[in-house]
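What follows is the residue order along each chain.
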Amino acid sequence: DTEVTQTPKHLVMGMTNKKSLKCEQHMGHRAMYWYKQKAKKPPELMFVYSYEKLSINESVPSRFSPECPNSSLLNLHLHALQPEDSALYLCASSLETASYEQYFGPGTRLTVT
Amino acid sequence: AQSVTQLGSHVSVSEGALVLLRCNYSSSVPPYLFWYVQYPNQGLQLLLKYTTGATLVKGINGFEAEFKKSETSFHLTKPSAHMSDAAEYFCAVSGSSNTGKLIFGQGTTLQVKP
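Line by line, the protein sequences give chains A and B. Per the working numbering, the very first residue in the first sequence carries number 150; after that it's consecutive. Per the working numbering, the very first residue in the second sequence carries number 16; after that it's consecutive.
Simulated from the structure, these hints should not be mistaken for laboratory data. Misleading hints may appear alongside valid ones.
In silico DSS-like pairs for lysine-lysine, Cα to Cα no more than 25 Å straight-line [said to hold, decoys possible]:
(1) Lys-171(A) / Lys-116(B)
(2) Lys-171(A) / Lys-128(B)
(3) Lys-158(A) / Lys-168(A)
(4) Lys-116(B) / Lys-185(A)
(5) Lys-128(B) / Lys-185(A)
(6) Lys-189(A) / Lys-128(B)
(7) Lys-185(A) / Lys-158(A)
(8) Lys-202(A) / Lys-116(B)
(9) Lys-167(A) / Lys-128(B)
Examples of chain B residues toward chain A, derived with CB under 7 Å [claimed, not checked]:
(10) His-25
(11) Tyr-54
(12) Gln-57
(13) Gly-58
(14) Leu-59
(15) Tyr-65
(16) Ala-101
(17) Ser-112
(18) Gly-122
(19) Leu-125
(20) Lys-128
Every residue gets a Cβ at the ideal spot worked out from N, C-alpha and C, and that includes glycine.
Taking the hints into account, I'd like the entire structure generated from these sequences.
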């Protein structure tokens with residue numbers, strides 16, 4: 150099973166709302182990632198978790214807050230977002246961070262109004 | 016620093032024709048290379064990967080790619096295009112520091128004409 154699941158599929162939120170994105174994998178992978186993708190662009194790395202610890206934060210604004218409660222679950226908490234944050238948010242996982250292929254989830258389409 | 020260049024942001028082929036999507040990379044260490052496909056409103060799906068060993072790599076859906084170190088290339092090919100191959104294709108190289116960072120190319124949109 151090489152499946153990464155993400156919920157919700159779509160999310161519309163106002164600039165004062167607080168919401169969370171959820172990502173789950175049951176492949177025994179110890180590295181998990183959040184990416185942001187704008188239309189017709191490659192994914193941009195936001196965060197990397199390795200063995201449930203945050204290992205990379207690509208200078209992401211604090212209105213995005215990641216959390217890794219356990220080795221199978223990754224959350225992205227959203228607060229006070231801006232319209233320019235509207236994008237497809239992708240979660241991925243890999244066996245470890247060391248050059249292994251990443252498996253991507255279907256994404257959450259976020260619209261900030 | 017590592018980088019990936021995909022030549023041609025848009026490629027159009029006829030159904031049944033050869034598909035060739037070009038990818039060149041720059042890396043100071045032996046690279047791990049990947050091709051991903053993204054269908055509209057979906058996540059990225061791994062097509063194939065090169066790590067070590069055989070330089071001709073076969074992937075899913077009839078795609079293959081050849082690692083050519085002398086040309087720093089990893090072009091993706093498929094002998095006969097299907098309508099269902101129409102999608103966005105990304106070439107990526109694994110970052111040299113084992114951090115998990117993937118360096119993506121800008122992507123190539125493949126159009127398949129009937």
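Quick rundown of the hints versus the structure:
no., hint, result
1, Lys-171(A) / Lys-116(B), "holds (21 Å)"
2, Lys-171(A) / Lys-128(B), "violated (38 Å)"
3, Lys-158(A) / Lys-168(A), "holds (13 Å)"
4, Lys-116(B) / Lys-185(A), "holds (14 Å)"
5, Lys-128(B) / Lys-185(A), "violated (31 Å)"
6, Lys-189(A) / Lys-128(B), "holds (20 Å)"
7, Lys-185(A) / Lys-158(A), "holds (14 Å)"
8, Lys-202(A) / Lys-116(B), "holds (16 Å)"
9, Lys-167(A) / Lys-128(B), "violated (44 Å)"
10, His-25, "violated (10 Å)"
11, Tyr-54, "violated (10 Å)"
12, Gln-57, "holds (6 Å)"
13, Gly-58, "holds (4 Å)"
14, Leu-59, "holds (4 Å)"
15, Tyr-65, "violated (10 Å)"
16, Ala-101, "violated (15 Å)"
17, Ser-112, "violated (9 Å)"
18, Gly-122, "holds (6 Å)"
19, Leu-125, "violated (13 Å)"
20, Lys-128, "violated (20 Å)"
In the structure shown, a violation is registered for the earlier hints numbered 2, 5, 9, 10, 11, 15, 16, 17, 19 and 20, in ascending order.
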